[in-house]
Structure formats: C-alpha cells, structure tokens
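2 protein chains.
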Amino acid sequence: MTTNETLVLDTAAQDLLFREARTANTFTDEPVTDEQIQAIYDLVKYAPTAFNQQPLRVVLVRSAESRARLVEQMADGNKAKTGTAPLVAILAADNEFHEELPTQLPHFPQAKDMFFSEREVREGSALFNGALQVGYFILGVRAAGLAAGPMTGFDAAGINKEFFGDGEHSVLAVVNIGKPGDDAWFPRSPRLAYDEVVTTV
Amino acid sequence: MTTNETLVLDTAAQDLLFREARTANTFTDEPVTDEQIQAIYDLVKYAPTAFNQQPLRVVLVRSAESRARLVEQMADGNKAKTGTAPLVAILAADNEFHEELPTQLPHFPQAKDMFFSEREVREGSALFNGALQVGYFILGVRAAGLAAGPMTGFDAAGINKEFFGDGEHSVLAVVNIGKPGDDAWFPRSPRLAYDEVVTTV
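Line by line, the protein sequences are chains A and B. At position 121 of the first sequence (counting the first as 1) the number is 121 in the UniProt record's numbering, and the numbers step up by one without a gap. At position 52 of the second sequence (counting the first as 1) the number is 52 in the UniProt record's numbering, and the numbers step up by one without a gap.
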C-alpha cells in the first residue's frame with residue numbers, strides 16, 4: 001500500500017488511523033479498560049465543533065443485563081457481534097448541550113440564548129456536531145490500538161427510551177470496541193476517486 | 001501539556017491532530033496546493049461510514065469571482081476570514097450518494113434499494129455520514145501540517161443554490177485552510193471532563 005509523503009503526519013500514524021485500520025466484526029476476548037476509554041476521550045475531546053459545543057455522551061455497556069437490553073434493540077445482523085464484543089459503547093447526542101455553553105464558551109456565553117433557544121435548532125446542531133464527535137471518537141479508538149465496529153442499524157427510539165429515558169438524548173451510533181478477532185473484516189470496499197469528490201470553482 | 005501514554009498513537013501525532021492543533025481565524029499568505037488537498041483526501045477517504053457510503057463533496061473555491069460569491073453567503077462574523085484565507089473549501093453532502101452503492105459496496109449492492117429508496121431517509125443518512133466525513137477531513141487538514149477554520153455560520157440555502165443548484169446537495173460546512181497567521185486563535189476553551197461525558201451501565 002502506498003504511503004502519503006505530502007503529509008506531515010508520520011506514516012505509522014497514517015496507517016494506524018486510516019490506511020490499515022478497519023471496521024471489525026469479530027473480536028478477541030481481551031478486555032477494554034476504563035483507562036483506555038479515558039485516554040481516548042482525553043485525546044479526542046480537543047477536536048473542533050461549532051461554538052465549542054460538546055453534545056457527545058458515551059454510555060459504556062458493561063453489565064450482562066445492560067448488554068442484553070441493548071442487543072434487543074439492535075438490527076438482527078448486528079445482534080451477535082454486539083452480544084460478544086469485549087466492550088460496547090452507545091454514542092448519543094445530548095440535545096440540551098446548550099446549558100453548558102456559558103462555561104464551555106467563556107468568550108461568548110450569550111451564544112446559548114442567541115442561537116440555541118429553540119429545541120429544533122438545538123437538535124439539528126447536536127446531531128451534526130455529535131456526528132463530528134462520533135468520527136473523532138472512532139479515530140480515537142484506533143489511536144488506542146483497538147478496532148472499532150460502529151453500527152447504525154438499531155431501533156433508535158428503543159435505545160433512547162431504554163438507556164436515557166429523559167427525552168433529551170438521541171442515539172447516534174453503537175460502537176463495538178476491542179482487539180480484532182478471526183476473520184474480523186470484509187475485503188476493503190472501494191473509495192471514490194479524488195476527481196469524483198473534489199471540484200474547483 | 002501532558003501526553004497520553006496509554007495510546008498507541010505517538011505523541012507527535014497526538015499533538016499534531018488534537019492537542020496542539022487549533023481552529024484558525026487568521027492565515028499567512030502561503031498557498032495551499034491541489035497536491036496537498038489530494039493528499040488529505042487520499043488519506044481520510046479510508047475512514048469508516050455506514051454502508052461505505054461517501055456523500056462528502058468538496059468544492060475548492062479558487063477564483064476571485066467564486067470567492068466573492070461565497071463571502072456574500074457567509075455570516076457577517078465569517079466574511080473577512082473567508083475572504084482572505086489562502087484556500088476555502090465548501091464541504092457538502094450529495095443526497096444522491098446511493099447511486100454509487102452498487103460499486104462502492106460490492107458485497108451488498110442491494111443496500112441501495114433496500115435502505116435508500118426514500119429521499120428523506122437518504123438525506124438523513126447523507127447528513128450524518130457526511131458529518132463524519134467532515135470531521136475526518138478536518139483532521140486530514142491538520143495531518144497535512146495546515147490549520148483548518150471550519151465554519152457553520154452561513155446561508156445554507158444560498159450556498160446550495162449558488163454552488164450546486166441541482167437540489168441534490170446540502171452544504172455541511174465551509175472550511176478556511178492555510179498556515180496560521182498572527183493571533184490566529186482564541187485562548188482554548190474548556191472541555192467537559194470524562195465523568196461528565198462517559199457513564200457505565
């Protein structure tokens with residue numbers, strides 16, 4: 001596989017995060033620790049969002065009872081791997097993130113009321129910026145030498161009710177996390193070429 | 001600033017992508033080349049999305065006439081920096097991304113019709129997965145040793161009409177790109193603590 005020498009990021013890091021990392025469908029039994037998740041969070045928390053909003057919430061599903069409740073909400077094709085991964089994390093957006101802006105955006109605390117007084121606007125912002133944070137989190141999992149298996153096939157209303165229940169959170173993704181196991185992935189699918197994606201005006 | 005030694009990613013890469021990189025508001029005059037943008041794309045294209053969909057489209061705004069048309073659509077607080085950055089990229093989602101699934105997801109080409117026959121479903125998927133790709137692209141800019149200045153303050157309908165005009169694309173972000181200039185950023189705002197974001201069940 002060719003390297004990318006125009007970049008400043010070193011080749012090992014390019015491979016770890018992008019070129020050799022893959023979405024895993026099977027995992028070994030090796031546990032994933034809270035210390036690893038904290039290291040991931042304490043790195044990716046610095047990546048940018050609009051108005052420094054931080055809607056992402058992470059629920060680590062560790063008990064057998066919670067795992068069973070989550071598997072129940074997953075699409076059939078995702079149940080087996082969600083049931084057996086070393087760790088499963090629910091990534092959700094807190095639609096009331098704006099309450100934190102006065103402390104998280106100290107140079108512009110009035111953003112809370114100027115831009116986010118309407119629930120519909122907040123939900124759109126939490127979805128977009130929460131999705132940015134989901135992408136950063138997935139790369140953070142890879143930065144920890146682990147494989148991520150992000151999934152969007154689930155009953156979202158069911159997960160929101162089972163795991164939040166306050167009407168204020170919207171699940172964005174469920175991510176299996178661990179060391180890749182046997183036959184962990186499909187052959188890599190193609191990507192669009194540069195000229196199919198990038199145009200100049 | 002403390003390093004994060006639980007991670008496999010080396011400290012220089014952690015700093016380059018997350019800890020020392022900042023959202024830039026001013027830039028030097030140094031140009032950003034097409035070769036750099038291609039290097040960024042050819043790295044971040046490998047990051048994961050649902051069903052390997054690739055809704056992200058990038059418009060590099062290089063001509064003075066196009067730059068003026070874009071500045072017109074930006075919020076007042078974003079006009080000056082959008083007008084003077086070495087390069088400005090419009091990042092949008094192609095809501096007709098599903099047409100590419102038969103070639104981009106060769107092991108499951110029927111996903112196109114099974115999941116994405118309804119425009120509303122496609123738009124939601126293009127928004128979420130496009131946002132993931134926006135996050136990856138921002139980190140890719142940093143991987144190239146450049147600073148990104150992502151913005152969401154603009155007239156979205158105006159940009160969609162001016163730069164796409166086919167009713168099939170939705171702008172997600174506009175990103176200034178270059179080497180950081182004088183007084184390029186605000187002091188870093190706080191981030192939520194691990195315990196405010198991560199819970200265990």
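I should point out that these hints are in silico values taken from the structure, not numbers from a laboratory. Careful, some of the hints might be misleading.
Each pair may be met inside one copy or between any two copies, as identical chains are not told apart.
The calculated lysine-lysine pairs, modelled on DSS-like cross-linking and capped at a C-alpha distance of 25 Å, are [stated by the list, open to error]:
hint, residue 1, residue 2
1, Lys81, Lys112
2, Lys179, Lys161
3, Lys179, Lys112
4, Lys112, Lys79
Check: Against the structure shown, which of the earlier numbered hints fail to hold, in ascending order?
Finding: 2, 3
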